[in-house]
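So the chains spell out like this:
Protein chains: 2
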Amino acid sequence: MKKIHLLSLILFLAHISFAQEITELKWWNPAKSEFPVIAGQAWPQQEKTIYHRLPERAEEKLREAVWRLSKQSAGLSIRFRSNANNIRVKYKLKGAIAMPHMPATGVSGLDLYGKTKDGEWFRPWGTYRIDSISSYNFKVDVNVASYIKNGTEFQLFLPLYNEVDHLEIGVEEEFFFEALPLRIEKPIVAYGTSICQGACASRPGMAWTNILERKLQWPVINLGFSGNGRLEPALIDLMTEIDAKVYILDCLPNLTPERDDTYKLAVEAVKKLKGKRPEVPVILTAHLGFSDDFTNQNNNSKTIKLNKDLGRAFDALKAEGFTKVYLLQKEDLGFVDAMFVDNIHPNDHGMLQYATVYEKLIRDIWNKL
Amino acid sequence: MKKIHLLSLILFLAHISFAQEITELKWWNPAKSEFPVIAGQAWPQQEKTIYHRLPERAEEKLREAVWRLSKQSAGLSIRFRSNANNIRVKYKLKGAIAMPHMPATGVSGLDLYGKTKDGEWFRPWGTYRIDSISSYNFKVDVNVASYIKNGTEFQLFLPLYNEVDHLEIGVEEEFFFEALPLRIEKPIVAYGTSICQGACASRPGMAWTNILERKLQWPVINLGFSGNGRLEPALIDLMTEIDAKVYILDCLPNLTPERDDTYKLAVEAVKKLKGKRPEVPVILTAHLGFSDDFTNQNNNSKTIKLNKDLGRAFDALKAEGFTKVYLLQKEDLGFVDAMFVDNIHPNDHGMLQYATVYEKLIRDIWNKL
Numbered sequence: 001m002k003k004i005h006l007l008s009l010i011l012f013l014a015h016i017s018f019a020q021e022i023t024e025l026k027w028w029n030p031a032k033s034e035f036p037v038i039a040g041q042a043w044p045q046q047e048k049t050i051y052h053r054l055p056e057r058a059e060e061k062l063r064e065a066v067w068r069l070s071k072q073s074a075g076l077s078i079r080f081r082s083n084a085n086n087i088r089v090k091y092k093l094k095g096a097i098a099m100p101h102m103p104a105t106g107v108s109g110l111d112l113y114g115k116t117k118d119g120e121w122f123r124p125w126g127t128y129r130i131d132s133i134s135s136y137n138f139k140v141d142v143n144v145a146s147y148i149k150n151g152t153e154f155q156l157f158l159p160l161y162n163e164v165d166h167l168e169i170g171v172e173e174e175f176f177f178e179a180l181p182l183r184i185e186k187p188i189v190a191y192g193t194s195i196c197q198g199a200c201a202s203r204p205g206m207a208w209t210n211i212l213e214r215k216l217q218w219p220v221i222n223l224g225f226s227g228n229g230r231l232e233p234a235l236i237d238l239m240t241e242i243d244a245k246v247y248i249l250d251c252l253p254n255l256t257p258e259r260d261d262t263y264k265l266a267v268e269a270v271k272k273l274k275g276k277r278p279e280v281p282v283i284l285t286a287h288l289g290f291s292d293d294f295t296n297q298n299n300n301s302k303t304i305k306l307n308k309d310l311g312r313a314f315d316a317l318k319a320e321g322f323t324k325v326y327l328l329q330k331e332d333l334g335f336v337d338a339m340f341v342d343n344i345h346p347n348d349h350g351m352l353q354y355a356t357v358y359e360k361l362i363r364d365i366w367n368k369l
Numbered sequence: 001m002k003k004i005h006l007l008s009l010i011l012f013l014a015h016i017s018f019a020q021e022i023t024e025l026k027w028w029n030p031a032k033s034e035f036p037v038i039a040g041q042a043w044p045q046q047e048k049t050i051y052h053r054l055p056e057r058a059e060e061k062l063r064e065a066v067w068r069l070s071k072q073s074a075g076l077s078i079r080f081r082s083n084a085n086n087i088r089v090k091y092k093l094k095g096a097i098a099m100p101h102m103p104a105t106g107v108s109g110l111d112l113y114g115k116t117k118d119g120e121w122f123r124p125w126g127t128y129r130i131d132s133i134s135s136y137n138f139k140v141d142v143n144v145a146s147y148i149k150n151g152t153e154f155q156l157f158l159p160l161y162n163e164v165d166h167l168e169i170g171v172e173e174e175f176f177f178e179a180l181p182l183r184i185e186k187p188i189v190a191y192g193t194s195i196c197q198g199a200c201a202s203r204p205g206m207a208w209t210n211i212l213e214r215k216l217q218w219p220v221i222n223l224g225f226s227g228n229g230r231l232e233p234a235l236i237d238l239m240t241e242i243d244a245k246v247y248i249l250d251c252l253p254n255l256t257p258e259r260d261d262t263y264k265l266a267v268e269a270v271k272k273l274k275g276k277r278p279e280v281p282v283i284l285t286a287h288l289g290f291s292d293d294f295t296n297q298n299n300n301s302k303t304i305k306l307n308k309d310l311g312r313a314f315d316a317l318k319a320e321g322f323t324k325v326y327l328l329q330k331e332d333l334g335f336v337d338a339m340f341v342d343n344i345h346p347n348d349h350g351m352l353q354y355a356t357v358y359e360k361l362i363r364d365i366w367n368k369l
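Chains as they are written, first to last, in the UniProt record's numbering: chain C, 1 to 369; chain Z, 1 to 369.
These are computed hints drawn from the structure, not numbers from a lab.
Copies of the same chain look alike in the list, so a pair counts if it fits in one copy or across any two.
Pairs of lysine-lysine residues, derived as DSSO-like cross-links and limited to a Cα-Cα distance of at most 30 Å, are as follows:
1) K368 <-> K186
2) K215 <-> K330
3) K215 <-> K360
4) K305 <-> K139
5) K264 <-> K324
6) K302 <-> K117
All chains, full assembly: derive it from the sequences and hints.
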């Protein structure tokens, strides 16, 4: 750990000395915005703090683990327009900054994306420091007349596995900065496991829900709860409150044949969602498989069992006449060894695969609607 | 950092309690092998310790930074045959276990690959603990008669950014374990930067040199030195000692137009290599580009300048009649934003891209030889 601390210190000193050189900054605190500005939330202004993912009232209905994880800012982002040369963010975190198989940049870091005048995404970079008090300085030194004059739309993705306590964005006085209101498109809502929450992306922008949001240019709500995405009725109840464009149920890696009745959980979840929102497409996602299926017979048989039960649920729902229900099978996900960090969590390559598969299916569904 | 320590403790306790259950283990220490067993070294038995990458005599000829980095075990691996149900490794490290943008699994972790009876790679997984004293327990619970009877070939990839002090591999008494000698194929030798050393792969197997080794099933020597791959004559001199199958010079991300004469360094490096080994193909690799080229004009112009100088060097060498010299251009590398962790280091997706591009070029070269 020494090296991290040393590097933090160096970056901190660099930051300090840099901060002294620059002109006065105007800082903006999203918590003080007059209108909701945190994208990726289904219940804006009902959260206990603006960096949580679930409404405060959900606490008593959920298991403690789910509630705790819902405080982590996976899938949340802040949209704004600016023409600044440097976009600075200072923020405080409440949790651990890294995990053994996921770097600080993914667990606790930020990721900034902007749009070119042709609508393509670009990703500024600069200096950063991730610790209990963290900061990024994104450099946007572009010699593009339209940017200098009009700025562009930015999206700042928040940490995947940490709780944001406080955050401010700063630009130099001479540039403009304008927070953007939430988009009004009905969101895609993804309920899932650690994979959905973002483990083990190397940075927030590489979590599959965030990649999907950029690919489709469509809002995505991340309801991924590490180790705790279990198709629970209480969470499904909350989902029915969301006037969604698509529901994704991607919980199988957190289900256990010995404990959970996957068939029943899936059937009841879909019936509940369809009961309230019959027209909203629902995607049932199979277990992606373990990378060590070949050398771990338990994992192999577990995957087979879970996916068989999900298949039965899908068939039963179709037989009962439910429409717009889709099954994303293990083969569709197409995971290979190079897409995993350990035996279950995607690396960035796997995250891109996940997002690409979802993008294709969702575009197909939308084209047919 | 608290979470890492807590997790380490839990894994440690799990490890201890697990260790008590299992039967007696027989441990093998590669340092005590009667024949060289560390693959990925060009100078076996000339290293100060068997986990270094350069011969001891090189210390006085190299800058201190290069020498220090050469002690890190990037690209090194241990090959063995076994039919064990569990393959345990305990090891001690000398350096920091993680970096802000690269997890402990990549910096300091291990990666085990085996071969199916059809010659395909598989990757066992299990439990692990990475700290100053680290351990992995790879589970190989396969119900394959040929494995139980004959075992198979394994390759254990060592940490990318740490120095191994001590390592032992253990299997239970009832299984066999046999270290494999070094392969006699002439190696592919890659001299480069942090990207070549393996930053920021999520695990050792995803460093591009290690992916390339598996793809081609051919030995690759990793001479990547983080921040210090500068096409230096002293290092090129060492390379000429290696009877290589291909030389790769991939140093541009560590060159600086203000300090380094890329044209001259590249021309002299190739002349030196060709002077000693005229028939060995040499690949000159361009700068892959920064992911923030668009928002950082300095980075953009730096890449253009470096690549232009390398292109001139390539043209000059061709004009002088040198053959089997190849230029891998920025466009060939084909990097896009989703392949980067920060603005220069590949994530696993980028590492796979890098390896795939090299694989194709090297197969093309070999097909023409």
